[in-house]
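Colleague: Sequence:
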Amino acid sequence: MSNKINQINFQDLREYIDRVGYNESAVLKELRLETKKISDLSIMQVGAMQGSLLNFLCKIGNFRKCIEVGVFTGYSSICIASGIADDGILYALDNSEEYTDIAKKYWEKAKVNHKIKLLLDDGIKSFKKLLNQKKENSFDFVFIDADKSNYKDYYELSLKLIKTGGLIAIDNTIWKGRVFNDDDRSSGTSSIRKLNDFIKEDNRVDHCLLTIYDGMTLCIKK
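The opening position of the sequence shown corresponds to residue 1 in this note's numbering, with each subsequent residue numbered one higher.
In case anyone wonders, no lab produced these hints; they're calculated from the structure.
Since the model is a prediction, treat every value here as computed from it, not as a measurement.
Check the hints yourself; a few may be wrong.
Okay, derived cross-link-like pairs now, BS3-like style, lysine-lysine, Cα gap no bigger than 27 Å in a straight line [what the hints assert, rightly or not]:
1) Lys134 with Lys65
2) Lys29 with Lys117
3) Lys117 with Lys36
4) Lys125 with Lys152
5) Lys152 with Lys128
6) Lys29 with Lys65
7) Lys160 with Lys221
8) Lys105 with Lys134
9) Lys117 with Lys129
10) Lys109 with Lys152
11) Lys36 with Lys109
12) Lys135 with Lys176
13) Lys135 with Lys104
14) Lys29 with Lys111
15) Lys105 with Lys129
16) Lys125 with Lys135
17) Lys176 with Lys200
18) Lys163 with Lys125
19) Lys129 with Lys221
20) Lys135 with Lys59
21) Lys163 with Lys128
22) Lys222 with Lys128
23) Lys160 with Lys59
24) Lys160 with Lys200
25) Lys160 with Lys65
26) Lys163 with Lys194
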């Protein structure tokens, strides 16, 4: 069996999963296609499979109070917001008015705009603003998918904001395989590699690195 698994064509596997592994709503599909047309940075958008996982995690965790840092055009925001209670809230942190204007349009189309509070500022500043509002140890879930150089800071701030048993999901932790290429010492790669190594030894959390798309690490606060 193991030999057969090793012979899997991973492009075929991805196409199969994209065909039967999840359901993508009409609004999400429209947003994904619009983002691809308008921006060369569409690669920053989470994949449909990742979005489905985020929605699934929010539902099984019965999350009510969440944070997302790195909104872009709002795909992952919709996935998270549609997975939380109708009176729940998602604080969406980003510094781009251009892209979050698109996000706001689609939040309304998906009928989740009443659950989302946009904080349009530097991500670190927005995290600290929440801490200054006495929101420490009160969040159920944080999704980190923003500038890689600040990943470690986002992680530490997230640990302050989530409650015991809360979940942090960190995107791009495989980083197209660059993290295990020791010759790659670029800023983004080094930041993610250092965070991965740090989380491995961090006794404040239980963690699991999933190989979904570009890697997603899940951390539960003890």
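Colleague: Going through the earlier hints one by one, which of them does the structure break, listed in rising order?
Modeller: As far as the earlier hints go, 8, 10 and 12 are violated by this structure, in ascending order.
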